Amino acid sequence: MMAALIFAVSVVTLLMFFVSYCRSLTAASSRYEISKEVRDVTGIHAFASGADFTRVMQLLQLCPERPEDRLGLRAVVYYYEILSLFEKTLARLTPSIQLWAEQERAGCANFAVVTLDRRIAFSREILAQQGEL
Amino acid sequence: MPGPLALAVWYVGIVLEIAFVVCSIARKSFFRYIFLNAYFLLGLGSDAGRYFFLSKFGQASDQYRYAYFYTDALLTLALYLALISLYSCVFGELRFNKYVRFGAVVLLLGTALFSYAVVVQSEQKLATRFAYELSQNLYFVGLVMTYILWGAVLKLRETRTRVVQFILSLGLYFSAYAACYALANLSSQYSVVNYMSAAIGCLLPLAWTVTMLRHSEESRLEPARLLAVAR
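Heads up: the protein sequence lines correspond to chains P and C, in order. Note that the numbering used here gives residue 60 to position 60 of the first sequence, counting from 1, and the numbers run on in steps of one. Note that the numbering used here gives residue 152 to position 152 of the second sequence, counting from 1, and the numbers run on in steps of one.
Where hints are given, some of them may not hold.
As the list claims (entries may be wrong) - Part of the chain P face toward chain C, derived, beta carbon under 10 Å:
(1) V9
(2) S10
(3) V11
(4) L15
(5) Y21
(6) L25
(7) A28
(8) G43
(9) I44
(10) H45
(11) L59
(12) Q61
(13) C63
(14) R70
As the list claims (entries may be wrong) - Derived coverage of chain C by chain P (criterion: at least 3 residues anywhere in the stretch with Cβ under 8 Å from a Cβ of chain P; other residues may be distant):
(15) 18-26
(16) 63-77
(17) 161-172
Hints in this document: simulated from the structure, not taken from any laboratory. Computed from a predicted model, the values in this text were never measured in an experiment. By construction, the Cβ of each residue, glycine as well, lies at the ideal position given by its N, Cα and C atoms.
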């Protein structure tokens, strides 16, 4: 009985901490001003929408990885997938929840855009270093 | 000896623990987060101890089981200390900081003494289901303490990105471990828990290392953005 109770409470808090952790990752990128180059490449001029996420992820795969991005990006991908599933199922019942899920997905897309910007800058640095050699 | 997958996960965990300590030295934050670093250094020591018992007596031996669960309990207590240091960070500027620290230390000592008394009385059962129950309870206490701290972070509008992400990662870690051990107590699939717990063990050093790498001490967050539902 006690084990079942601890299991249920732990799963709920796990989910809550996971959502907050992902929000802390996406929130950190909300103030970042993306470069003109990334705006041109992605076609996103103001703020990304949830639907942009998949396209930006495809662009991300074309750039060399930065090790410090890996965990954050993985967590946000899982978060985006959970949100997408949530939006297609439970969120349909209430428009306000659907709006919240869409805002969260947009935050994930914005995080991916910022990561893309950083990766492009990182690739530039590598190329510049190779040029110096 | 454990299988290649379990060994690989173990080695990854060791590398990540070293990575966090190296990163905090490189970022000149070693002494600022001394208890977090001390936890990983103790973790490296316990890894060495466990490896010694594993190679000398084998995985199925009582010696290895005792070494595993005793070091696990010690590491959990060390993690409580790291958690208390995060409490101190969050409440650092408030007048009742010393009471918070005192309360946390009393809770820590109480948990340690209670666990010790229980272990001494049930020593012969340490290699059985009892060890899982003890770990489950220790992690659950950690989870409750982290949850209270998280509530304080939101209430006090803590903005330091590093502190916020350290606490959230710790919450994830304690929740995952408590759920994992509770699952082991519900069913008897212990081997699954062994793999899961090793993998979960890698998450904390990984998340903390990433936080240390990505964010400087000056990075700030808007606390309102962290709530699951906007106020």
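Take the shortest C-beta to C-beta distance between Q61(P) and chain C; is it under 10 Å?
With a minimum Cβ separation of about 20 Å from chain C (threshold 10 Å), the hint on Q61(P) is violated.
Go check the region 63-77 of chain C versus chain P for me, would you? Three or more residues, Cβ under 8 Å, otherwise it fails.
violated (count 0)
Taking the closest Cβ pair, is H45(P) under 10 Å from chain C?
violated (22 Å)
Interface hint compliance - R70(P) to chain C, C-beta minimum distance less than 10 Å
R70(P) check passes; min Cβ-Cβ to chain C is 8 Å, inside 10 Å.
Is the interface hint satisfied for V11(P)? The criterion is a beta-carbon contact with chain C at less than 10 Å.
holds (5 Å)
Restraint check, 10 Å cut-off on beta carbons, for Y21(P) near chain C
holds (4 Å)
Holds or violated: is there a CB of chain C closer than 10 Å to the CB of L59(P)?
violated (21 Å)
Would the hint on V9(P) stand, with a C-beta cut-off of 10 Å toward chain C?
Constraint on V9(P) satisfied, holds at 8 Å.
Given coverage of the region 161-172 of chain C by chain P, checked by CB-CB distance under 8 Å (3 or more)
As far as the region 161-172 of chain C goes, the hint holds, because 7 residues have Cβ atoms under 8 Å from chain P.
The hint names A28(P) as touching chain C; please verify it with the least Cβ-Cβ distance against 10 Å.
Given a least distance of 6 Å, the restraint on A28(P) holds.
The hint names L25(P) as touching chain C; please verify it with the least Cβ-Cβ distance against 10 Å.
Given a least distance of 8 Å, the restraint on L25(P) holds.
Closest C-beta approach of I44(P) to chain C relative to 10 Å, hint status
At 20 Å from the nearest chain C Cβ, I44(P) fails the 10 Å test, so the hint is violated.
In terms of the numbered hints stated before, the structure departs from hints 8, 9, 10, 11, 12, 13, 15, 16, listed from lowest to highest.
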